[in-house]
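Visitor: Sequence:
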Amino acid sequence: MGEPKLQARKLPQLAEGLALKRSVRMAFFILLSLGGSILRLPLPTGPVALETFPGYLAALIYGWVDGALVAGLSHLLVAAVGGFPLGIWLHLLAALQMALWAACLWYINDRAGLLTGIIAITILHSLVSVIYTLPIWNMVMFSGLLLPLAMAAAVNLFLAGLVSRLVAGRKPAR
Numbered sequence: 000m001g002e003p004k005l006q007a008r009k010l011p012q013l014a015e016g017l018a019l020k021r022s023v024r025m026a027f028f029i030l031l032s033l034g035g036s037i038l039r040l041p042l043p044t045g046p047v048a049l050e051t052f053p054g055y056l057a058a059l060i061y062g063w064v065d066g067a068l069v070a071g072l073s074h075l076l077v078a079a080v081g082g083f084p085l086g087i088w089l090h091l092l093a094a095l096q097m098a099l100w101a102a103c104l105w106y107i108n109d110r111a112g113l114l115t116g117i118i119a120i121t122i123l124h125s126l127v128s129v130i131y132t133l134p135i136w137n138m139v140m141f142s143g144l145l146l147p148l149a150m151a152a153a154v155n156l157f158l159a160g161l162v163s164r165l166v167a168g169r170k171p172a173r
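Numbering that gives the first Met the number 0 numbers the first residue of the sequence shown as 0 and each following residue consecutively.
Honestly, the hints are just simulated from the structure, not real lab data.
No residue lacks a Cβ here, since even glycine has one placed at the ideal position from N, Cα and C.
Some hints here could point you the wrong way.
Simulated restraints on C-beta separations [stated by the list, open to error]:
hint, residue 1, residue 2, range
1, K20, P43, 37 to 47 Å
2, L133, I87, 17 to 27 Å
3, R110, L161, 14 to 24 Å
Put together the whole structure using the sequences plus the hints.
Guide: Have a look at this one:
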């Protein structure tokens, strides 16, 4: 009996390496979002968490797909750690909205500029994101959530815009 022939192992394909790099990068941004949910900035409207900052930053630096995935999945992770305080269905809807807002930020930034994107997404994130709660809650709850959500969105979007501009000279790895 002869010895088994050894076959050379194939090196990983370039596409597989890029997919792994992208997955690790998105996991990093999702975990950064979890850390941002713990870090709170004191503002007059109440403390603002930085949980949406990584999703918006990923959208500005790496594109709408990565930004949408990071924003949606990170919202679900943060909500799961908190025990889904608004119920799983509202958090699923909020995760879809977060993914949509991150994709919209990338699109508006690409077409009309960063400042326009920050203003538009602040309005969408605060006003439109709270409208679906009207049938469940009431106008008092809606108006009580509007200003703190707008402040949180504006702070997170401003920080994402600032950091994306700071790294703009560096070519993003895709």
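Visitor: None of the hints should be skipped; say for each whether it holds.
Guide: Hint-by-hint comparison with the structure:
1. Between K20 and P43 the C-beta distance comes to about 41 Å, which sits within the given range of 37 to 47 Å.
2. A hinted range of 17 to 27 Å holds for the C-beta pair L133 and I87, which are about 20 Å apart.
3. Taken as a hint, the range 14 to 24 Å holds for the pair R110 and L161, whose Cβ atoms sit roughly 20 Å apart.
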